[in-house]
Every structure is written in structure tokens, then in C-alpha cells.
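> Protein chains in written order, with our numbering: chain A, 19 to 158; chain B, 19 to 158; chain C, 19 to 158; chain D, 19 to 158; chain E, 19 to 158; chain F, 19 to 158.
I should point out that these hints are in silico values taken from the structure, not numbers from a laboratory. Any given hint could be a false lead.
For identical chains, the list gives no copy identity; a pair is met inside one copy or between any two copies.
Stated by the list, open to error - Only pairs whose alpha carbons sit at most 25 Å apart, straight line, appear in this in silico DMTMM-like list of lysine to aspartate or glutamate:
{"hint": "1", "residue 1": "K124", "residue 2": "E43"}
{"hint": "2", "residue 1": "K91", "residue 2": "D105"}
{"hint": "3", "residue 1": "K91", "residue 2": "E75"}
{"hint": "4", "residue 1": "K91", "residue 2": "D139"}
{"hint": "5", "residue 1": "K124", "residue 2": "D158"}
{"hint": "6", "residue 1": "K51", "residue 2": "E146"}
{"hint": "7", "residue 1": "K124", "residue 2": "D110"}
{"hint": "8", "residue 1": "K124", "residue 2": "D86"}
{"hint": "9", "residue 1": "K84", "residue 2": "D73"}
{"hint": "10", "residue 1": "K51", "residue 2": "D158"}
{"hint": "11", "residue 1": "K91", "residue 2": "E106"}
{"hint": "12", "residue 1": "K124", "residue 2": "E42"}
{"hint": "13", "residue 1": "K84", "residue 2": "D139"}
Owing to the predicted nature of the structure, the values given are computational and were not obtained by experimental measurement.
Here is what each chain is made of, one letter per residue.
6 protein chains.
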Amino acid sequence: MRAYLSRRYHFSASHRLHRGAYSEEQNRATYGKCNNPHGHGHNYIVEVTAGGQVDPETGMVCDMVKLDEAVRKNIVARYDHTNLNRDEGFRDLVPTTENLCIGIHKMLSPVFAAGGLGPVDLVRVRVEETENNSFEYAGD
Amino acid sequence: MRAYLSRRYHFSASHRLHRGAYSEEQNRATYGKCNNPHGHGHNYIVEVTAGGQVDPETGMVCDMVKLDEAVRKNIVARYDHTNLNRDEGFRDLVPTTENLCIGIHKMLSPVFAAGGLGPVDLVRVRVEETENNSFEYAGD
Amino acid sequence: MRAYLSRRYHFSASHRLHRGAYSEEQNRATYGKCNNPHGHGHNYIVEVTAGGQVDPETGMVCDMVKLDEAVRKNIVARYDHTNLNRDEGFRDLVPTTENLCIGIHKMLSPVFAAGGLGPVDLVRVRVEETENNSFEYAGD
Amino acid sequence: MRAYLSRRYHFSASHRLHRGAYSEEQNRATYGKCNNPHGHGHNYIVEVTAGGQVDPETGMVCDMVKLDEAVRKNIVARYDHTNLNRDEGFRDLVPTTENLCIGIHKMLSPVFAAGGLGPVDLVRVRVEETENNSFEYAGD
Amino acid sequence: MRAYLSRRYHFSASHRLHRGAYSEEQNRATYGKCNNPHGHGHNYIVEVTAGGQVDPETGMVCDMVKLDEAVRKNIVARYDHTNLNRDEGFRDLVPTTENLCIGIHKMLSPVFAAGGLGPVDLVRVRVEETENNSFEYAGD
Amino acid sequence: MRAYLSRRYHFSASHRLHRGAYSEEQNRATYGKCNNPHGHGHNYIVEVTAGGQVDPETGMVCDMVKLDEAVRKNIVARYDHTNLNRDEGFRDLVPTTENLCIGIHKMLSPVFAAGGLGPVDLVRVRVEETENNSFEYAGD
């Protein structure tokens with residue numbers, strides 16, 4: 019009996035969409051107001067979905083305390099109240115929410131693979147940038 | 019690296035669920051209070067999900083400015099502050115939210131197919147009729 | 019110890035903002051797209067706030083079951099799944115949400131005054147027309 | 019043209035996560051604060067997703083009035099304002115939200131199979147325990 | 019320049035509305051399904067509103083870190099994942115949300131009066147029991 | 019019959035809480051993680067409340083189209099997708115949400131006083147910084 023747990027985490031950060039290899043005009047054409055100088059910011063919501071068999075003894079699909087620890091240590095503590103453009107993961111990558119989503123998935127995948135959360139898979143990472151705008155990545 | 023963008027749009031409209039070929043009793047039995055004479059209305063939320071490869075240069079899955087233009091021109095401008103029963107798309111079709119969802123999908127599909135939004139697919143259209151009631155259509 | 023209870027109710031209705039005594043141009047200038055022919059609609063949320071002494075025995079400010087009955091009978095059953103322009107209360111009154119709010123307050127005031135809900139006042143009626151738009155009336 | 023309807027229902031209940039066959043220490047290690055004596059509670063939201071062909075006559079995927087009746091009778095009336103640990107379905111099962119989700123799926127499956135809702139499948143049951151925590155079960 | 023800060027905190031708890039001095043019938047008549055044996059529960063949201071002059075140097079009305087510490091220590095740690103009926107504050111008081119609201123106000127008042135949060139007043143405590151049901155207390 | 023209209027507007031911006039006249043230690047002690055170098059950001063929601071007599075002809079309290087124009091021109095266009103610390107209004111003022119709230123009130127007051135919105139007052143400006151954190155200013 020495979021079930022899914024989705025859990026939401028919150029952080030606030032700033033970013034500016036800007037690609038160094040592009041001219042100012044190309045940047046403006048590509049990113050619009052998200053390319054405004056000096057950046058802007060969002061209250062990001064990260065939803066992590068884990069899937070696995072429900073343990074017949076505990077009735078749980080995943081050790082949620084350990085999931086919280088992993089996400090808070092690896093994701094929230096890293097990004098909360100920061101400027102994403104200064105993060106080393108975005109040194110050569112534009113900090114779009116697509117790339118943020120993929121980056122979070124890459125950081126959490128080994129945590130799931132290491133087995134500490136139980137026999138459960140990372141199914142999907144979803145990031146809400148605003149209440150009208152969200153992104154998902156489910157791995158390759 | 020295939021990712022998904024979901025974006026929400028809003029419009030307010032009225033409708034009445036009523037099928038001309040049915041008797042009054044059949045209409046009442048089929049649609050209940052949604053068949054009340056003179057109609058009623060909703061704040062509809064349309065969520066469009068697009069999927070595609072994340073562009074390695076721009077870090078984006080879809081040209082969101084163009085997606086907004088397409089949805090605002092084809093969907094929001096058409097339906098906002100209108101009576102759906104008067105829309106030509108519902109001349110021979112009951113304006114249920116299922117049919118609305120399919121109609122929006124059919125209007126947006128050629129926009130995606132034309133390629134102007136980038137190498138991205140229309141994955142799904144979801145319409146919330148009330149906060150407890152939503153519908154999805156993902157094509158055939 | 020005066021405390022306040024606020025309780026939310028939901029109904030879906032259509033309306034058209036249009037004043038018979040105005041020309042088409044005046045109507046259009048005054049109400050904009052809300053004057054579109056054939057109407058449009060909303061999911062309305064009504065929040066009723068009651069205030070009074072907390073009963074030292076029951077620990078309650080108001081008989082909530084009776085409040086629900088009163089609002090459901092007088093307000094929700096009257097407006098839900100209807101066209102507000104057809105309501106007799108709007109025969110000579112434009113069904114703006116301001117007027118709806120005042121109308122609800124006038125219908126609930128005698129219910130509170132009759133004492134059946136306990137020694138509690140009607141403090142305020144608030145109506146949300148959309149998630150970005152709300153109106154309040156607290157009596158004269 | 020297969021479409022999906024998702025509908026949300028609400029109930030408030032209490033539970034305590036505790037497995038009789040475990041020692042106090044094991045219970046505490048497994049369930050953390052959810053094992054606190056005397057229980058705690060939540061406002062649960064149940065979202066039922068039904069999928070099927072849109073009826074070309076009615077424009078609907080499912081008889082929503084009958085779906086509401088089935089969920090209210092089988093699920094909401096059973097759990098609302100109760101202590102889940104006292105429910106007979108949890109006599110030998112820990113009332114985690116995973117198990118609740120599976121239990122709701124099992125109770126609704128025969129309702130869909132009996133055909134009274136129309137030619138529509140039970141696609142998924144999703145339960146929100148808090149605004150940051152939700153679970154899904156889609157059958158085996 | 020007097021401004022207001024409102025801050026929301028969350029806890030999950032169970033309660034049963036029952037007054038020992040009442041007969042079973044009186045309890046049932048007074049509290050309805052909230053009197054169901056074995057209790058039920060909610061995700062409570064507490065909103066604390068503080069008001070004061072905006073400090074011309076810091077631009078802040080209140081030391082939010084200290085406010086968080088005070089509310090988390092005095093309120094959230096006390097009630098989260100508990101059965102309110104077992105709390106000593108409700109030994110002789112029915113744990114209605116009105117009484118909970120007043121109790122929280124009484125516990126926070128001395129924290130504000132002690133001055134550690136800055137020259138700021140406790141303006142109001144508001145508790146949401148469900149998304150349709152909230153209570154406020156602003157002191158006597 | 020005095021009624022109130024509240025209307026919500028949205029913008030995304032970044033800020034860093036930092037006072038030039040303070041040492042690094044004082045800044046850190048005063049603003050905590052909000053003082054992190056390079057800033058962070060939020061999805062701000064601005065709610066403007068206007069109060070006045072309901073016009074007996076139009077049934078409206080305020081010309082909402084003109085209110086929207088005024089707020090979009092003076093507030094949203096100014097702050098959306100910017101870094102608040104670079105705004106000239108925050109050259110000598112820390113961009114706390116308290117100060118932002120007061121600043122918005124000061125910019126909108128003359129718009130109301132000029133009379134173009136009708137015989138209506140600016141009652142209150144409320145700014146949500148996160149879903150758990152909001153600020154209000156109602157003038158002096």
C-alpha cells in the first residue's frame with residue numbers, strides 16, 4: 019500500500035534573474051521586470067513529496083522528524099533570509115525558480131537514497147514563488 | 019531535465035446549468051440548484067500547467083510573459099465578467115466546469131503547438147469553481 | 019469580559035451592476051465591466067461578527083447553532099445559487115456588495131434584537147466578493 | 019474526454035499516535051509529540067478525486083450530489099467531532115493520517131464500484147492534516 | 019505614529035465541551051456535537067496584535083524575536099499536541115475557544131506589562147478554531 | 019450609512035534591515051536574520067481600507083477603478099520587483115514593514131484628500147509581509 023506524504027516548508031529570499039553572458043537588452047527581453055537591478059524577493063514555499071509503503075506497524079510512510087531535520091538543515095537554513103544570487107549553487111546558474119526546484123531535488127535525493135528516512139522515495143519537489151506561480155521537478 | 023510551471027489566472031462569471039433538450043424535471047434532477055432560473059456565479063481560478071526541458075541558458079521552462087498574454091487574450095478577456103451561457107462556445111454545450119476546462123484546453127493547445135512559448139507542452143488545465151470544487155483536463 | 023465571535027458563510031450568486039435611471043453611458047462609466055450585459059458572478063463569503071459577555075457557565079458568547087440557523091435561513095437560502103438582481107430586496111437598489119452587506123445587516127439585526135441568540139450584539143457584517151475585495155458595514 | 023473532479027470535505031477530530039505493542043520509549047521515539055498522552059486534534063480536509071468520461075449530454079463527469087451524500091454519510095458523519103482512536107476501524111490500527119487516508123479510500127471504493135455515481139473511478143484520496151502536511155493514497 | 023503588528027502562531031489540540039455541573043441533556047443541548055464523548059480537535063491559529071509607537075531609530079513597533087519567545091514558551095509549548103481539558107487552566111472552566119482566547123490574553127498581558135517587548139501594548143488576541151470560526155478578546 | 023471597502027494589491031520586493039548609524043553588532047542584535055548581508059525578500063500584500071457613505075444612487079462607497087489606478091501608479095509600480103533599500107523614501111529610513119505601511123499611508127492620503135475617489139476617507143493601510151506577519155497604520 020503505497021502512500022504519499024507532502025510537507026511544506028517556508029523561506030524568504032531575494033533574487034535577480036540575470037545572465038552574465040547576455041547583453042543588457044537580452045537580459046531585459048528574457049527576464050522582463052525580474053531583471054530589474056538590485057533584485058526583488060519572494061516568500062517561497064517548498065513542498066516535498068515522499069512516497070513509499072505504509073509501515074504496517076507504525077502506520078507511517080516516512081520518518082517525518084528526520085525529513086524535517088534534513089530539509090531544514092539542507093534547504094531552509096541555506097536559503098532563508100538570503101540573496102539567492104550569492105549562493106554558491108547559483109554562481110554559474112540563473113536563480114530561476116525552475117533551477118531552485120531542481121537544486122533542491124538534487125540536494126534531497128542523496129538524503130532519501132541514504133535510507134535514513136525509511137524505505138521511501140523522493141517523488142517530487144514543488145516550489146511556490148507567489149500564490150499564482152509554482153514549479154515542479156520530479157527528477158529525470 | 020523536464021520541469022513544470024503552473025500559473026493561476028482569475029475571472030468572475032455567471033452560468034446556469036440547463037440542457038434545452040431536457041424537460042424541466044430532468045434539468046432539476048440533473049443539475050439541482052445549479053439549474054435555478056436566472057443563473058448564479060463564481061470566482062473561477064484557472065491553473066495552466068506547462069511542461070518542458072529547462073533551457074540551460076535561461077533557466078526557464080516557458081516564456082511566462084507570452085503565456086500570460088495568451089491566456090489573458092484567449093481566456094480571461096473572453097470570460098471575465100460575462101455570462102458563460104451567452105458565450106458562443108456554449109451555444110450547444112452546457113457550461114459545466116468540466117466543459118469549461120476542456121474548452122480552455124482546446125483554446126490553449128494550438129497556442130502551445132504553434133511554438134511561440136518555447137519547446138513546452140500544455141500538460142493540464144485545472145479550474146477551481148469554489149474553494150471546495152475543482153476540475154482537471156489533460157487532453158485525450 | 020466581552021468577546022467576539024466571527025463566523026463565515028458561503029454562497030454563490032450572480033449580479034449585474036446597472037441603474038435603470040442612468041443612460042447606458044452613465045452605467046458604463048459608473049460600473050465598468052460590472053455593467054456587462056447578462057451579468058457575471060462570485061463566490062461570496064459572509065462573515066458575521068457577534069459580540070457579548072462570555073457566559074460564565076457555558077464559556078460561550080453566543081448560541082452558535084441558532085446563529086447558523088438564522089443566517090442559513092435568512093441569508094444563504096435566500097441568495098445561494100440565485101441572480102441577485104432578481105431578489106426583491108434589489109428591485110429598487112443596485113446589487114453592489116455594499117448594498118448586499120447593508121441588506122444582510124438589516125435582516126440579521128432583528129434576529130439579534132429578538133434575543134434568541136443570547137445577550138449578544140450584531141457587531142459587523144463583512145462580505146468578501148473576491149479574494150482581493152471585501153466590504154464591511156457595522157450599522158449606523 | 020476523461021476529466022477529473024476533486025471535491026473537498028471537512029471534519030474535526032482528535033487522535034493519539036500510540037501502538038499498544040510498543041513500549042513507552044518506542045512509542046515516544048516513533049511518534050514524538052503525536053504520542054503525547056490524552057491526544058490532540060486537527061481540522062482534517064479530505065479531497066476526493068473522481069475521474070471519468072464527461073457525459074456528452076450533461077457535461078458532467080460524476081453525480082456530485084450523490085458523491086456528497088456518500089462522503090457525508092460514510093466519512094464525515096463517522097469521523098466529525100470524534101476521537102479517531104475510538105473508531106472501530108482503528109481498534110487494531112494506529113490512526114495516522116496515512117491509515118486514515120487508506121481507510122477512506124477503502125470505504126469509498128465500493129461506492130464507486132456500485133455504479134451509483136455514474137461511470138467514474140475513484141482516482142485518489144488526499145487528506146490534509148494541517149496546512150503544511152498532507153497525505154495521498156491512490157489504491158494498489 | 020502608532021502602528022500595529024499582528025503575528026500568527028499555530029498549535030494542534032483536542033478538547034471536549036462539557037460542564038460537570040450540567041446533566042448529560044443540558045450538556046448536549048448546550049454544546050451539541052462539541053459535547054461528543056472522547057473529544058475532537060482542531061488546528062488552532064492564534065493571532066496576537068501589538069500596538070505602539072514606531073521607534074524612529076529601528077523602525078519597529080515591537081521586538082518580534084522576544085514576542086515569539088514569549089508566545090512560544092507561554093502558549094504554544096503549553097497547548098500544542100495536548101488535550102485542553104487536561105490543562106490546569108481548564109480544570110474549572112470549559113475549554114471553549116472564547117475561554118482559550120481570554121486565557122491567552124491573560125497569560126500574555128503581564129509579558130507586555132513587564133516591558134521586555136518595548137513600549138508596546140497587547141491590543142487583541144484572536145483565535146481561529148476552524149477556517150470559518152474565530153474569536154477575539156481585547157481585554158476589559 | 020457608512021460602509022468600508024478593503025482592497026488588496028500585491029508586489030514582490032527585497033529589503034535588508036540595517037541602520038547605518040548602528041555598529042554591525044547593534045544591527046545584528048536589533049534585526050537578527052533580517053540583517054543578513056545582501057538582503058532577502060517577500061511577496062507583500064497591501065490592503066487599503068476606505069470608508070464613507072454609500073452613495074444612494076450608485077450603491078458604492080468609492081470609485082474602485084480610480085482607487086486601483088492610484089494604488090497601482092503610486093505604490094505597486096514604485097515597489098514591485100525592486101529592492102526597497104534603493105527607494106528614495108528609504109534613503110534615511112530603515113525599510114521595515116512598519117515604515118513601509120506608514121509610507122504607503124502618506125502617499126495615499128493626499129489622493130483621498132484630493133477628492134477624486136469620492137467622499138471617502140483612507141481608514142487604514144495594512145501590509146502582510148508573510149502569511150504569519152502583518153502590520154497596520156491608520157494615521158495619527
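> For which of the previously enumerated hints does the structure constitute a violation, in increasing order of number?
1, 3, 10 and 12
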